[in-house]
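Work the whole structure out from these sequences, hints included.
2 protein chains.
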Amino acid sequence: MSTPERLIESTRELLWERGYVGTSPKAVLERAGAGQGSMYHHFKGKPDLALAAIRRTAEEMRTTAEGVLGGPGTPYERIEAYLLRERDVLRGCPVGRLTMDPEVVADDALRAPVDETLGWLRARLAGIVEEGKERGEFAPSVNGEEIAAAVVATVQGGYVLARASGSPAAFDAGVRGLLALLAPRDR
Amino acid sequence: MSTPERLIESTRELLWERGYVGTSPKAVLERAGAGQGSMYHHFKGKPDLALAAIRRTAEEMRTTAEGVLGGPGTPYERIEAYLLRERDVLRGCPVGRLTMDPEVVADDALRAPVDETLGWLRARLAGIVEEGKERGEFAPSVNGEEIAAAVVATVQGGYVLARASGSPAAFDAGVRGLLALLAPRDR
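If you read the protein sequences in the order shown, they are chains P and X. Using this note's numbering, read the first sequence as starting at 1 and increasing by one per residue. Using this note's numbering, read the second sequence as starting at 188 and increasing by one per residue.
If you're looking for bench data, these hints aren't it; they were derived computationally from the structure. Yeah, the Cβ is synthetic: ideal placement off N, Cα and C, and Gly gets one too. Warning: the hint list may mix true and false statements.
[Claimed, not checked] Selected chain P positions facing chain X (in silico; Cβ < 7 Å):
1) His-41
2) Leu-84
3) Arg-87
4) Val-89
5) Pro-94
6) Pro-102
7) Val-105
[Unchecked claim] Below, in silico cross-link-like pairs of lysine-lysine (DSS-like), each with a Cα-Cα straight-line distance of 30 Å or less:
8) X:Lys-213 <-> X:Lys-233
9) P:Lys-26 <-> X:Lys-233
10) P:Lys-26 <-> P:Lys-44
11) X:Lys-213 <-> P:Lys-26
12) P:Lys-133 <-> X:Lys-213
13) X:Lys-231 <-> X:Lys-213
14) P:Lys-46 <-> X:Lys-231
15) P:Lys-46 <-> X:Lys-233
16) P:Lys-26 <-> P:Lys-46
What follows is the structure, encoded as structure tokens:
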């Protein structure tokens with residue numbers, strides 16, 4: 001791996017393990033096995049390096065979600081597959097978690113990829129709910145954007161419950177509760 | 188306010204603004220206008236002080252939630268009131284947010300009040316859902332614990348969506364989506 005690659009990957013790991021506030025440039029350099037000079041040669045500083053790391057993590061999250069949401073099945077089945085896909089629940093979401101980092105939220109540039117990714121996910125799910133309404137799978141009265149927000153919130157909040165209790169069971173319970181409410185009536 | 192009181196209140200503020208990892212004993216002392224000696228006279232150190240602060244915040248959250256959940260109305264109406272109660276959405280939940288703090292989650296003593304409070308909330312909501320099933324407000328097939336987990340997850344994840352987008356609208360959308368799915372069928 002090239003030095004900028006090692007710096008980005010080390011930053012991604014540390015952001016997930018320690019958060020932005022808890023990630024020092026020194027820790028990144030140590031993990032990447034790089035010198036301060038080479039970091040400043042490739043990146044303007046911690047925010048610039050973090051932005052590259054967050055963008056890459058966001059892109060991966062989008063690709064993973066699209067793999068399930070764009071897969072086979074009815075709209076309900078694709079939402080179900082998204083909610084039930086295997087996750088490292090106790091580690092939480094590497095993108096959503098950044099919203100609890102005060103310095104990320106205060107910095108428009110760092111917040112942008114987080115906002116874009118969650119916004120894309122909500123819009124993608126809203127479209128699938130609308131498709132389900134057209135097919136008669138969901139009631140005509142449901143609002144695609146609201147259901148989409150509830151789906152993404154259940155996942156993001158499920159991580160909170162799991163991490164609080166130290167067990168993935170709370171995540172699973174929330175997802176099953178939402179799916180039971182969302183299930184087509186004629187099942 | 189007494190010195191220990193000022194120390195606890197300053198720690199609560201800083202935990203909310205900066206998180207546990209981002210809260211230094213020095214910042215607490217500065218905000219409390221207290222000296223290092225007086226902190227160590229009253230508390231064993233940062234974890235001990237943080238524990239007192241987290242316990243107090245958790246107790247307040249519980250009292251606020253019980254004020255709505257134990258209020259008037261049918262089970263659905265009480266859950267609705269809980270979800271719609273006025274919140275400082277962009278600040279997030281001072282308790283739930285701690286689950287994204289790696290040092291809090293890694294420390295069983297600090298995690299305990301977070302786990303207990305969210306566990307209490309889930310159990311309280313599960314009881315209300317069961318009450319609603321008995322009254323015929325909710326379908327007999329719904330599982331109280333799962334619906335309760337979905338309700339708490341939607342709130343906690345709603346904060347994530349709101350903070351990502353910089354607007355409370357995303358929180359509101361998720362809550363409305365869940366309420367639409369949960370609403371008694373004969374409405």
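Do the hints match the structure? See the list:
Given hint, His-41 of chain P at the interface with chain X, is violated; its Cβ is 29 Å from that chain's nearest Cβ, farther than 7 Å. Interface hint status for Leu-84 of chain P: violated, as the beta-carbon distance to the closest one in chain X is roughly 14 Å, over 7 Å. Because the closest C-beta pair between Arg-87 of chain P and chain X is about 13 Å apart, greater than 7 Å, the hint is violated. For Val-89 of chain P, the shortest C-beta to C-beta distance to chain X is roughly 12 Å, which exceeds 7 Å, and the interface hint is violated.
Hint on Pro-94 of chain P is violated. Least Cβ distance to chain X is approximately 11 Å, over the 7 Å limit. Annotation: Pro-102 of chain P was flagged as interfacial toward chain X, and the flag holds, the nearest CB pair being 6 Å apart, inside 7 Å. Annotation: Val-105 of chain P was flagged as interfacial toward chain X, and the flag holds, the nearest CB pair being 5 Å apart, inside 7 Å. With a C-alpha separation of about 10 Å, the suggested pair Lys-213 of chain X and Lys-233 of chain X falls inside the 30 Å cut-off, and the hint holds.
Annotation: proposed proximity of Lys-26 of chain P to Lys-233 of chain X holds, straight-line Cα distance about 24 Å (limit 30 Å). A threshold of 30 Å between alpha carbons decides the hint, and for Lys-26 of chain P with Lys-44 of chain P the separation of about 15 Å falls inside it, so the pair holds. Only pairs whose Cα atoms come within 30 Å are accepted, and Lys-213 of chain X paired with Lys-26 of chain P is accepted, the gap being roughly 22 Å. A distance of roughly 56 Å separates the Cα atoms of Lys-133 of chain P and Lys-213 of chain X; the hinted pair therefore is violated under the 30 Å criterion.
A hinted pair counts as satisfied when its Cα atoms are at most 30 Å apart, and Lys-231 of chain X with Lys-213 of chain X qualifies at roughly 15 Å. With a CA separation close to 34 Å, the supplied pair Lys-46 of chain P and Lys-231 of chain X exceeds the 30 Å bound. The suggested pairing of Lys-46 of chain P with Lys-233 of chain X holds, with an alpha-carbon distance near 27 Å, which does not exceed 30 Å. Note on Lys-26 of chain P and Lys-46 of chain P: the hinted pairing holds, with a Cα-Cα distance of about 10 Å set against a maximum of 30 Å.
Violated hints for the displayed structure, listed by number in ascending order: 1, 2, 3, 4, 5, 12, 14.
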